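Novice: My request is simple: use the sequences and hints to build the entire structure.
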Amino acid sequence: MNFLPDLFDLAMHVLLLLAMPPLLLGVINKTKAWFGGRVGPPLLQPYYDLAKLMRKDVVLSATTTWMFLAGPVVTLAAVVLAGLLVPLGRFDAPICFNGDLILFAYLFALGRFFTTAAALDTGSSFEGMGASREVTFACLAEPALFLAFLVLVKYSGALSLTRMLHAPMAHELSTLPFAPLILVGAGLFIVLLAENCRIPVDDPNTHLELTMIHEVMVLDHSGPLLGLVLYGAAIKLFVLSAVLLHVIAPFTTDLAVAAWPLFAFEMLALAAVIGVVESVMARLQMRHVPTLLVSASLLCGFGFLLMLR
Amino acid sequence: MSLWLILTALGLMAISGLPGALLARASPAGQWTAAVLNVCASILGGVGAFAQLLGFDEPQAIHASWALPNGRFAVGVDALSALFLLPMLLVSALGSIFGLAYWKQSEHLRTGGRLRLSWGILTAGMMLVVLARDSIVFLMAWEIMALAGFFLVATEDAKPEVRRAAFVYLVATHVGTLCLFAFFGLLRFASGTFDIWPATLGEAPSWLAGALFITGVIGFGLKAGLMPLHVWLPGAHANAPSHVSALLSGVLLKAGIYGIVRVAGLLPDPPSWWGATLLIAGSASGILGIAYAVAQHDFKRLLAYSSIENMGIIAMGIGLAMLGRTAGHPEWVVLGLTGSLLHVLNHSLFKPLLFFAAGSILHAAHTREIDSLGGLAKTMPRTFAAFVVGAIAICGLPPLNGFASEILIYAGLLRTAAGGGGSEQWVWAALAAVALAAIGALAVGCFVKLLGAVFAGAPRSPRAEHARDPGAAMLAPLACLALFCAVIGVAPAAAAGVVASAVAAWDPAAHAASDSLEALLPLSAIAAIEALLLGACLAAGLAIYRWRRIRSWIRVPTWDCGYLRTSARMQYSGSSFGQALTLLFGWALLPRRRVIAFEGPFPRPASFASEIPDAVLDRGLLPLCARGARLMARARKLQRGPVQVYLVYVLGALLALLLFSEW
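Here the protein sequences come in this chain order: C and L. Quick note on this note's numbering: the first sequence kicks off at 1 and runs consecutively. Quick note on this note's numbering: the second sequence kicks off at 1001 and runs consecutively.
The hints are simulated quantities; they were obtained by calculation from the structure and are not laboratory data. Keep in mind that the hints are not guaranteed to be accurate.
Which stretches of chain C does chain L cover? Using the computed rule of at least three CB atoms under 8 angstroms from a CB of chain L, they are [stated by the list, open to error]:
(1) 11-19
(2) 91-103
(3) 109-117
(4) 268-282
These numbers come from a predicted model, not from an experiment. Don't be surprised by glycine CBs; every beta carbon is placed ideally from N, CA and C.
Specialist: Written out as structure tokens, the structure is:
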């Protein structure tokens, strides 16, 4: 009898994973517009953009090979698969096994491999520059992510994302180890901003190719290929936000009907927070980004230190 | 039965180059004979090794008396030996096929015969190393292996840099051998016998056990190339012919790892610093190895440094297994050692694959300089496809084999963090997991750099423009290795099952006490997810391909921001790509830069050059040795030349000895 609700949750998981990510971008943009005193694009603008891109023709650089096409495709497949490993709200992830957190991190790495390889495939200096920054910053973000996971693994005693991320939720609020969780939450938030190329690491709206990371890597992608890239990036934002929510907002509700809306609301609120951060901060100079990422590792490292007791 | 098969294979390997040495120099028959003998030996030996690994045959040993003092010829095979035999046989056979086209006898009249003779002897020597069950036999096999390796590295001895690399190798390997003499001497002292594997220490005092561990790890670590003992490795790999580099990196380093695994198994309850030492040394090797790799300008040196990284990962797995033994956690032993040994197998698939691909490029473009290549994806599409497989595998990315072994080690390291109560060792393991994450991210940067600079974009030189895919003899080994990478990638459980018997041979108690591997880490679930990933990518690719027929793609030049006269030399080079990472590790790499900047109103032409000297060899050992040599020059006065002087020395020394023994 338990099967049907499970099926419903599974369907909800897949539906939210595939349909909700562009909405987060819409919320971020709306927040930024509100801070700037503008009306801003409609909330659903990212969906319109994707629909428009999908109907367009493709312009391909003559220098490129199959690697250029594989880039967006593999990246999208990898992040969707990573999304299936992450529990959303209080619901279990569709795929859950011991050690899935390693697969989770390495799926992002696979996406990064193909995105950067596709960028280099064009032979453009700008894209090479973006790819170089992407892999460099990842070398600092990856240890931070694993340190954060270590704290959660130590806290929960579990090696699967579902059980590990549900651990803070399962305990009484007063018994939570607040200090490590806050440190890890802050570290993960920086990782989230860096991995998704948001301000202060990267500015998705900047006009100068020289200063970009993610946007400059996909300069030569056009039409549906660009659509796949943008959609994949939105899903990545969604997935990492879902991970972060477990650490910074381990709330749950006993009311079965309210659980999914609560999760969706939390996600939108987090998107609004990202929008606020983007509005009140300027993009860091490129040479200061490593410092920020190292501080993310340090935050998680101090969290780890607290777990040693 | 299996031992006899393997010994026959060993004999065939040893003589495989002999017919060629007796035939006329210009005749290709010798080369073909060597390849055929090599393949036959591999098949024979492979059957024997698999019979051991799959449990069709009991572990065996042969003892025979020998006309040497204290001598006894003892060889044997168990699952652990059999596991290390597999890469030797495979890479040796594939390399001899690759050599048919890469090192054609007709083009290398002078060196071809010698190369094949040493090739067979090296393979046979390595096989004898893992089969030896007596210290003396082991050391002899070790020395045969080391010397054959020297002749292989020195193949192109007309070039000064090759001679230098070969000399550094020779010195390093003999320092290692010296440590091994100490190791086996101490072992004889502790156990009272020359029998080895399993060597029982009995009630050895702790200083003796510690000394054994240190001499063993240094001696074998010099061969495995763990930092900072890696000094010979980059030069030898870069300057040897590419199929020799494949054999060195894919197999010879594993002889060192084999030794470390045996040393690690000396004590049933090792002190905790043993495991921690290997974990730390492995992490340092991994991070620094791959950081050096990113900074290289020569693609074979890059691959060589990446081998150091992989040996580091393997050492981490062994260290974890030892910690598990100390702390009484059999599941750490199983996860760590299975991951480690599987990585040994995997590395002997993808690294030779990459070196063979490097050989194809070198053969076609005649340069090892990364930044003068480019655009090879279009002119060498088959090599490119194989290279992509190798690059994904070596970065440890799903769905290929590198991921299978790395996830096992990760799972072991994280499990210590999750349930490591009772022992404080888990902190080392936890930090090693973070190091492994950094290694993974750096590896992606390193191999994207190599792939991007060599294969992507437009050719940077006429050499790169006119490079073409090689013939079947060079492509077949590439395809074969790529296939193996994919098979282990999608069926990791089967590969782990083969490795399991070697783990059982290393520590039967832990193997029996631990939960099954499937319960610790569901490899079959991972395989299913990876199959899903592959399927999704293939389906999407197919969809795009079909859709390509429907809509016309417009081909234009790469977007150049409005600048119309871009040239291939303006592309982002490999050095530019790696610069940010090199800066990040500037504290360890200490790059040397020569900059002539623009100055004044009428500036001279400016220039910029950078190189990454090896910190240990070029900044440490070579200056030290040069200083030592200057000091020793004073002793040269004793070397006068006439034989009579030396006879006086001999007489004096003998007299002194005689007096000393009487007194």
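Novice: Determine for every hint whether it applies to the structure shown.
Specialist: These are the hints, each one checked on the structure:
1. Interface restraint, the segment 11-19 of chain C with chain L: violated (0 residues with C-beta to C-beta distance below 8 angstroms; minimum three).
2. Interface restraint, the segment 91-103 of chain C with chain L: holds (7 residues with C-beta to C-beta distance below 8 angstroms; minimum three).
3. With a threshold of 8 angstroms between beta carbons, the proposed coverage of the segment 109-117 of chain C by chain L holds, since 6 of its residues qualify and at least three are required.
4. Counting residues of the segment 268-282 of chain C whose beta carbon lies closer than 8 angstroms to any beta carbon of chain L gives 0, which falls below the threshold of three, so the coverage claim is violated.
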